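K.L.:
For reference, the chains in residue letters:
Protein chains: 2
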Amino acid sequence: METINTRRTIRKYTTQPVSDELLNRLLAEASHTQTMGNLQLYSVVITKNDAQKAALAPAHFNQPMVKNASVVLTICADFRRTTIWCENRKAEPGYNNFLSFINAATDALLFTQTFCNLAEEEGLGLCFLGTTVYMPKMIIDVLKLPKLVMPIATLTVGWPDETPELSDRLDVSAFVHQETYHDYTPQDIDKHYAKKESLEENKHFVTINNKETLAQIFTDIRYTKRDNEAMSTGMLEALRQQGFLE
Amino acid sequence: METINTRRTIRKYTTQPVSDELLNRLLAEASHTQTMGNLQLYSVVITKNDAQKAALAPAHFNQPMVKNASVVLTICADFRRTTIWCENRKAEPGYNNFLSFINAATDALLFTQTFCNLAEEEGLGLCFLGTTVYMPKMIIDVLKLPKLVMPIATLTVGWPDETPELSDRLDVSAFVHQETYHDYTPQDIDKHYAKKESLEENKHFVTINNKETLAQIFTDIRYTKRDNEAMSTGMLEALRQQGFLE
Chain P
28 METINTRRTI RKYTTQPVSD ELLNRLLAEA SHTQTMGNLQ LYSVVITKND AQKAALAPAH
88 FNQPMVKNAS VVLTICADFR RTTIWCENRK AEPGYNNFLS FINAATDALL FTQTFCNLAE
148 EEGLGLCFLG TTVYMPKMII DVLKLPKLVM PIATLTVGWP DETPELSDRL DVSAFVHQET
208 YHDYTPQDID KHYAKKESLE ENKHFVTINN KETLAQIFTD IRYTKRDNEA MSTGMLEALR
268 QQGFLE
Chain D
28 METINTRRTI RKYTTQPVSD ELLNRLLAEA SHTQTMGNLQ LYSVVITKND AQKAALAPAH
88 FNQPMVKNAS VVLTICADFR RTTIWCENRK AEPGYNNFLS FINAATDALL FTQTFCNLAE
148 EEGLGLCFLG TTVYMPKMII DVLKLPKLVM PIATLTVGWP DETPELSDRL DVSAFVHQET
208 YHDYTPQDID KHYAKKESLE ENKHFVTINN KETLAQIFTD IRYTKRDNEA MSTGMLEALR
268 QQGFLE
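Protein chains in written order, with our numbering: chain P, 28 to 273; chain D, 28 to 273.
For reference, chain P alone in the conformation it holds in the complex:
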């Protein structure tokens, strides 16, 4: 899995389609990922149809990858299939609650990441769309997701048509704690974020946005308190609508 060290998010794809054979093989292999009680609490909705891609796009802020990728995968936390199985087998399911959502979301995300690692090893390019949890109700409507199914991740998948720069990452010492959590002093923060803050592209980003610091790009533009609070409400409403908060 040497590809992990040179991986980058790919947003531009060639017109070559991703074959069903390859897609199915990667999905089957990814399903070997560990899962709660071997229940595989996830489902994957595959979008290839142009009209469906266009319908999904607004939920992802119309990022062009959604329409341009060969395949869009929406991975869902799914306790519905298991619940129907129970109902058909004289068993009384109790999975319409928050913990069960977390269990299913965990299964879905672990499965998703193995799929990513396998697909990237195969030479495919991927973009993970964090927007999936921003306006989940739009996605629920387009994909006709029933109760106990909640979209949790989206991948656009295709053959790469770009080679962007590698992204920087924090040093391991920035996110690892020995035995207990050791809180960050201002000096720790200076040390861990020095590299990121000194990158030319980040300095440029601060300048063109008329900001004083890189952190302000995140708090004032990309992930604002106001947006986060509104989307928290929307996400909780969607969880209630899908039956996970009963």
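No lab work stands behind these hints, which were simulated from the structure alone. Treat the hints with caution; some may be incorrect.
Treat identical chains as interchangeable: a pair holds within one or across any two.
To be verified - In silico lysine-lysine, BS3-like type, Cα no more than 27 Å apart, as pairs: (1) K171 x K238; (2) K75 x K117; (3) K80 x K117; (4) K164 x K75; (5) K252 x K174.
Values in this document were obtained by computation on a predicted structure and should not be read as measured data.
Knowing the structure of chain P, use the given hints to seat chain D on it.
P.N.:
This is chain D only, laid out in the frame that chain P set:
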């Protein structure tokens, strides 16, 4: 990454320790996983100390792997480091909300799974402890996790001392939906679950527990409605305590 097709959860380990060099390399490589805004919204608490392992064990129902593994990793959704960075950079963070928890949990789980894929390729044996979200407040206390840090996954890591049977998995057709979600008929359920229900070990499990169906093992014993509801309350209390529901 051919190991994915023969992976199994490993609960018994040799006494050979996992070296710091290997552990740090795998953590560094895993950090190339995609992350929201390149913020890496996770932290990893490493437990090697026997007293700390013993303190963590009850939160994981005293499963023996916690004490016997060379290393225990608790991976946390972490918006604290980013929040402190913002506070030190004249930026006003707004990450004490539910969406931000989901964002950080997503980052943490994707990172966790790449770590698993890499570690298994290296020959290490892992057990993913789903119990992490059952009694999170115990883990928060033992690891001294501050606000905006929430435990989300635990891995016990060591060199394998067993080769259990491979687990069965559902066929891809059981969890994949084309274009929209197609709900499951009783016939679909029969087809998708036939293999699992016919396995000798599962039939044996039903018999010794005096149950009528395999599904009842899950609803009546392993993951009951009553436990799920109690643990949902506990998880939401922990999220509130950690400052993610403000």
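K.L.:
Which holds for K171 with K238 at a C-alpha limit of 27 Å: within a copy, between copies, both or neither?
P.N.:
neither (42 Å within a copy, 35 Å between copies)
K.L.:
Please sort K252 with K174 into within, between, both or neither, judging by C-alpha distance up to 27 Å.
P.N.:
For K252 and K174, only the inter-copy Cα distance (17 Å) is at most 27 Å; the intra-copy one is 29 Å.
K.L.:
For the identical chains here, do K80 and K117 meet the 27 Å Cα criterion within one copy, between copies, both, or neither?
P.N.:
neither (39 Å within a copy, 40 Å between copies)
K.L.:
Regarding K164 and K75, is the shortest C-alpha distance of 27 Å or less found within a copy, between copies, in both, or in neither?
P.N.:
Answer is within: at 20 Å inside a copy they meet the 27 Å cutoff, but 43 Å across does not.
K.L.:
Is it within a copy, between copies, both, or neither that the alpha carbon of K75 lies no farther than 27 Å from that of K117?
P.N.:
Intra 37 Å, inter 45 Å, cutoff 27 Å: neither.
Going down the numbered hints, you'll see the structure goes against 1, 2 and 3, while the others check out.
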